[in-house]
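K.L.:
Chain residues, written in single-letter form:
There are 2 protein chains.
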Amino acid sequence: MNQDIYYMQQAINLSKKGKYTTPPNPNVGCIIIKNKKIIGVGWHQYAGCEHAEIIALKEAGQEAKGAIMYVTLEPCIHFGLTPPCCKEIIKSKISQVIIGSLDPNPIVSGKGVTILKKHGIQVKIGILNNKIESINKGFFKRMKTGIPYIKLKLGISLDGRIATQTGESKWITSENSRNDVQLFRAQSCAILSSSNTIISDNPYLTVRNKNIKKKNKKDILKNSQPLKIIIDSRNLVQKHHNCIINTGKIILARIKNDNQIWPKNVEQVIFPKSTIYKDKIDIKSIFYYLGKKNINNVWVETGGTLSGILLSNYLIDELIIYIAPILLGENAKPMCILNNITTLSESLKFSIIKIDMINSDIRIIMKPKK
Amino acid sequence: MNQDIYYMQQAINLSKKGKYTTPPNPNVGCIIIKNKKIIGVGWHQYAGCEHAEIIALKEAGQEAKGAIMYVTLEPCIHFGLTPPCCKEIIKSKISQVIIGSLDPNPIVSGKGVTILKKHGIQVKIGILNNKIESINKGFFKRMKTGIPYIKLKLGISLDGRIATQTGESKWITSENSRNDVQLFRAQSCAILSSSNTIISDNPYLTVRNKNIKKKNKKDILKNSQPLKIIIDSRNLVQKHHNCIINTGKIILARIKNDNQIWPKNVEQVIFPKSTIYKDKIDIKSIFYYLGKKNINNVWVETGGTLSGILLSNYLIDELIIYIAPILLGENAKPMCILNNITTLSESLKFSIIKIDMINSDIRIIMKPKK
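Chains as they are written, first to last, in the numbering used here: chain B, 1 to 370; chain Y, 1 to 370.
The set of hints was computed from the structure by calculation and includes no laboratory data.
By construction, the Cβ of each residue, glycine as well, lies at the ideal position given by its N, Cα and C atoms.
Watch out, some of these pointers could steer you wrong.
With a cut-off of at most 25 Å between alpha-carbon atoms, the simulated BS3-like pairs for lysine-lysine come out as follows [what the hints assert, rightly or not]: (1) Y:Lys131 - Y:Lys170; (2) Y:Lys354 - B:Lys354; (3) Y:Lys354 - B:Lys367; (4) Y:Lys36 - B:Lys170; (5) Y:Lys137 - Y:Lys58; (6) Y:Lys367 - B:Lys354; (7) Y:Lys137 - Y:Lys111.
To be clear about the criterion: a stretch of chain B counts as covered by chain Y if any three or more of its residues have a C-beta under 8 Å from a C-beta of chain Y, and this derived list gives those stretches [what the hints assert, rightly or not]: (8) 151-159; (9) 237-247.
For the chain B half of the interface with chain Y, some residues (derived, Cβ under 7 Å), not all of them [what the hints assert, rightly or not]: (10) Ile107; (11) Val108; (12) Leu328; (13) Gly329; (14) Leu344; (15) Lys349; (16) Ile353.
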C-alpha cells in the first residue's frame, strides 16, 4: 500500500476517537513520522482542547525537526479558542506536511497550505479526502452551505406505519434499535422534533449514556446533551413535557412568544412563517439559525407531517429507517405525509448506503436522490 | 468434520440440482462410498426419471457390494412411476445406508428403513435432516398437512405501497428484482393470483427462462410452466387477458361457472364460499385442492386484498418482500388490507430469515410468527 494512504488511514482512525465530542469542531487526527517510525500522534477531543497537530508535535518534541506530519484536515492559521497550528508546525521545523483534506471553510481553505509553503515546508494535499469528509459530514456541509447535516430517523412497520390507527407507537421497533438510536443522538449536535410528537409521544429526546456505554464502552462520551429544538408553531409545548423537565438546552421554535416564565434551559426563538405551508414555520430558516449556532449535525425524530415536509422539500441529507418485521394495516398512521404523488416518476427516490440487522429489526441508511 | 455430515452435505448439494425440475417429487441426492472413495453419485431430476439411489447404484456397479450409501431421503418401497429403490439397494448388497431424513409421508415413513434392516443392512437416520426439509419445504408440508407451502411476494415502496393512488405499479421495483422473482416462479409448482390483479396489472404470470438463464446458467430448467390459478369469484377474467393468452394450464377458481367456451388450457373449478369473507371463495379449500393435485409450492403474486386475507388468516409460510427505495405517500395503495388492528399487540409479526440487496432494492424473506 502507498505509504501516504497507510499513514493517513491511521490518522483518520485516530480522528474518529472524537466522534462524540469534537463538535462544533471537526474530527482531526495527526501522526508524525521520522525514519519510518511514528514519533507523535494526536487527535482532537473537545472544542477548546489542543488541536491534533499540537498534541502530536508535543509528543515528537525535538525529533519533529525534519519529520513528516500526516494530518487529516488542513492546519489552522487563526487564533480561535487555541493558537494557530501552522505557527507551531513551522516552529517545529517539520519538513513535510501531508494534508488529507483542505479546510472546507471557503474563507480559510488553502491559506494554511500557503503559509506552510512560504516557510519552505513541502505540502501534499488530498489523501483519502472523501473518507475524511464522510466522517465530518456535518462540519463540511455547515462550512460550505451554512446549514447543518440533517438526518431523519423513522421507526416503521413493514407496511410503512409509525403508529396504529389509535396512535399506539411504543414500541414498534425493538429495544436494540432504540439503543442504536442513542448512538446517533450522541453523535448529533442537535435533536429536532415537532410539538405533535411531543404531545403524542412525550419523548425525553436525551442521550442516555448508560445505554451507549453498554455497546461502545471504549468511546469517550461528552457529558453535555445535544441541543433540543422543537418546532412549535402553535405554542403547544408545556412545562410538564418530558423534554422540558430534562436538563439540557431547549429551543422552542415559534411564530410568536408566549407569556409564560420558562425554566432557564428553555428559550423561545421566533422564526418566519413558511410561504408554502400555512401557519407553519419556514424550516430552512431554522436550519440556517442552527448553522449559525455552530450546529454541525441535526438528528430529526418526529412524525409523519414534519417528516413529509422535510422529505418533499429535499431538506434531508440522510434517511435512517428502522423497520420492525410487523404489519399494522392500512388504517395505521403513515410514516410520511407527502405532496400529492400520483405517478411513479413523481416518487421520492433514495439510494441505499447501508443495511444492517439490529436484533429483530432492519436498519436502512439512505441518501435522497435529488 | 464428522464423516456422515461431510458426505450427507455432498448428497444434499447434489439433490439441489433438481430444484427447478423434481416436483411433485422431492429433491433427492445420493452418494455411495467405499474405502473412503466415492464410487457412485446420483440426484433426482424429473418425476418419472430414475431416483437418485438407482443412478448412484448404476455408477457403482459391482463395487456397491459392502459399500455405504448416503441418501438425503428415505428410499422408497413402492412402485410409483419407477420401481422401488429399497429393492435395488438390497440387491446391490450395500452394507450400510445413511438416511438424511425419513419420508415425511406418514403412510410410508419408516417403512423403507424397516425393509432395509430386515435384509441385514445397517441403517442410520437423521443426518442434517433440517437442511433436507428446508430444501424440500413444499414436499414435506404437503405430505404432512395436505396443503402446499405458500410463499407470498409483494413489491413495495419504503412506505409499504404497491401502487400510486392512481394505480400505477409498473414498475415499483427494479428489473433485477423482477428477474429474481422469475427464479422463485420457476421453483414453484403453481402461481396464484386474483382477478383484481389480472384486471389492474394484466400480468402473464409465466416463467421466462430467458431471464433466468442469464443469472443461473448452470441450472436445469423445466420446460413446462407452473400451473396458474386465479381466484375469480366474480367471473371477471376474460379470454383476452395475458395470463389466458399464454400457454400453460390455468385454473379459474370460481363460485359458479360461466357459459363461455374457454381455450383447452383453461379450466373453471368451483370452490365453496368463504364463511368469513362475503362473496369470496374459501381459500383454504383451494390450497387443499392444490395439495391433492400434487402441488408442493405455491407462489402468490397479488394485490392488497388477497394478500391481507392470506396474512390475517396465517395461510402464508413465507413472505418475500422487495422494497424499492422510494416513497409514494399516504394516499398510495397499501400493501395489505388487514383486519382491524388497533394495538401493537394485535400486529402481525414475522421473523426475518434473510435480507439481500437485489440491485437497488432490498429483498426480505420472512416467516410469520403464529
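K.L.:
Run every hint past the structure and note whether it holds.
P.N.:
Do the hints match the structure? See the list:
Of the pairs offered as hints, the one joining Lys131 of chain Y and Lys170 of chain Y is violated, with about 37 Å between alpha carbons and a cut-off of 25 Å exceeded. At roughly 15 Å between alpha-carbon atoms, Lys354 of chain Y and Lys354 of chain B fall within 25 Å of each other, so this suggested pair holds. For the hint linking Lys354 of chain Y to Lys367 of chain B, the alpha-carbon distance of about 23 Å falls within 25 Å, and the restraint holds. Restraint check for Lys36 of chain Y and Lys170 of chain B: the C-alpha separation of about 59 Å exceeds 25 Å, so the hint is violated.
For the hint linking Lys137 of chain Y to Lys58 of chain Y, the alpha-carbon distance of about 29 Å lies beyond 25 Å, and the restraint is violated. Straight-line distance between C-alpha atoms of Lys367 of chain Y and Lys354 of chain B comes to about 23 Å, which keeps the hinted pair within the 25 Å bound. Distance hint between Lys137 of chain Y and Lys111 of chain Y is fulfilled; the C-alpha atoms sit about 21 Å from each other, no more than 25 Å. Check result for the stretch 151-159 of chain B against chain Y: holds, 4 residues qualifying (beta carbon to beta carbon below 8 Å, three or more required).
By the rule of at least three residues with a Cβ nearer than 8 Å to a Cβ of chain Y, the coverage given for the stretch 237-247 of chain B is violated, with 0 such residues. Among the interface hints, the one on Ile107 of chain B is violated; its C-beta lies about 37 Å from the nearest C-beta in chain Y, farther than the 7 Å criterion. Among the interface hints, the one on Val108 of chain B is violated; its C-beta lies about 37 Å from the nearest C-beta in chain Y, farther than the 7 Å criterion. The closest approach between the C-beta of Leu328 of chain B and any C-beta of chain Y is roughly 5 Å, which is under the 7 Å cut-off, so the hint is satisfied.
Using the Cβ-Cβ criterion of 7 Å, the hint placing Gly329 of chain B at the interface with chain Y is satisfied: the shortest such distance is roughly 4 Å. Checking Leu344 of chain B against chain Y: minimum C-beta separation of about 5 Å stays under 7 Å; hint holds. At its closest, the beta carbon of Lys349 of chain B sits 5 Å from a beta carbon of chain Y; the interface hint therefore holds under the 7 Å criterion. A hinted interface residue such as Ile353 of chain B counts as satisfied when its beta carbon comes closer than 7 Å to some beta carbon of chain Y; here the least separation is about 10 Å, so the hint is violated.
Violated hints, in rising order: 1, 4, 5, 9, 10, 11 and 16; the structure is consistent with all others.
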